[in-house]
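Go by the hints and put chain A onto chain H.
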Amino acid sequence: MATLGGLSEEQIRRYSRQILLPEVGGRGQRRLLGAHARLHADGTLGEVAALYLAAAGVGAITWANDVPAAVRECVAAINPDCRLGVGEPTTAPDVELELGETASGDRSTGSAPRIVITWHGRVARLQRLLPGRSACPLCLPPPEGEPAPPGPAAHAALGSLAAVEALNALLGIGEPLIDRVLELDLPTCRVETRAVIRRPDCPQCGAPS
Amino acid sequence: MTEPPAELDLRGEVCPYTFVKTRLALEDLPLGAELVLLFDNPQSADSVPRSLRREGQEVLSVCEESVGKLWRVHVRKGKE
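Sequence lines, in order, name chains H and A.
In terms of the working numbering, the first sequence has 87 at position 87, counting the first letter as 1, and numbering is strictly consecutive.
In terms of the working numbering, the second sequence has 54 at position 54, counting the first letter as 1, and numbering is strictly consecutive.
Calculated from the structure, these hints are not laboratory results.
Hints should not be assumed to be uniformly reliable.
Quick list of simulated restraints, FRET-style, between CB atoms [what the hints assert, rightly or not]:
#, chain 1, residue 1, chain 2, residue 2, range
1, A, Gly56, H, Thr90, 36 to 44 Å
2, A, Arg53, H, Ala70, 43 to 51 Å
3, A, Arg53, H, Thr102, 34 to 42 Å
Ideal Cβ placement from N, Cα and C applies to all residues, glycine included.
Excised from the complex, chain A in its bound form:
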């Protein structure tokens, strides 16, 4: 059975710490592992996926679960 991806709850956190913490979490994961990020600020929901793509990570989905309040970003580690 496949394990569910690890989740990093970044609600209440702001830029740049959302991205700093995302990078730290990804660093500890093996290549190909998946991570789900939760954000509650629109700036991070926009900038973190963009920065992740720029660094060679695979952003699988960006889902606005509650309009203007909660975003769920699914990412796969594609680069060390």
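In isolation and in its complexed conformation, chain H is listed as follows:
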């Protein structure tokens, strides 16, 4: 039963810390509860991202691929409001997350913003794409360096970062990683954000020849 600001007593208690954030409040919380995120990610990356999206109160999460039952149970325990799905979503997502070594932002089909994490060698990259309107991961040259795929702990950190950017997109807050990329050099813990220019000749998002 709704009590205040369209939120039930249970929801007010569950999300109280987040409601207190000036950039969220009751309106932002209601927006998250009505939001739908789609996940294209396997393993720790996707699992951690899903856990944090659910903890923030995102109303529906659809995985492109199946996930372990334990993870789904954990997400459901964190947020009983969250509707979980697998496969093709029945409603259009508000944000899509594509996370993985070969992610390029092209596995989504709608117009929702896409949060993409990928890595090349030892550098992980986080971007937000506006389909057809902003630079994609393939607009960037691959970074240099010896290959050093991130381990499970790094996967968890990257999954959390993806959730942060997805929540920023859903709430319309923060400085979006659109035409910008956050690069993490994992072995050295160097973090850098830099501009990305959309390449007209990009094999993915450039003009068709």
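Below, chain A alone, put in the same frame as chain H:
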């Protein structure tokens, strides 16, 4: 005739929920609208008006109606 301000009875509630609920109630009100809050714990009677002022809301009065038992806080929404 001016309508009396809305009242939010927060007796039995504790921090931080007193402030969370106050914020939710204010969010739904138009700028300039007034709200009366009732508290029965001293921590909230002290901290909620302070937090409201810090956020740019106008605390019109804080009245201890029953010593150590009931506080009435009158606030006007001064900021979205």
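Consistency of the hints with the structure:
no.	hint	in the structure
1	Gly56/A <-> Thr90/H: 36 to 44 Å	42 Å, holds
2	Arg53/A <-> Ala70/H: 43 to 51 Å	47 Å, holds
3	Arg53/A <-> Thr102/H: 34 to 42 Å	53 Å, violated
Hint 3 alone, counting from the list given before, is not met by this structure.
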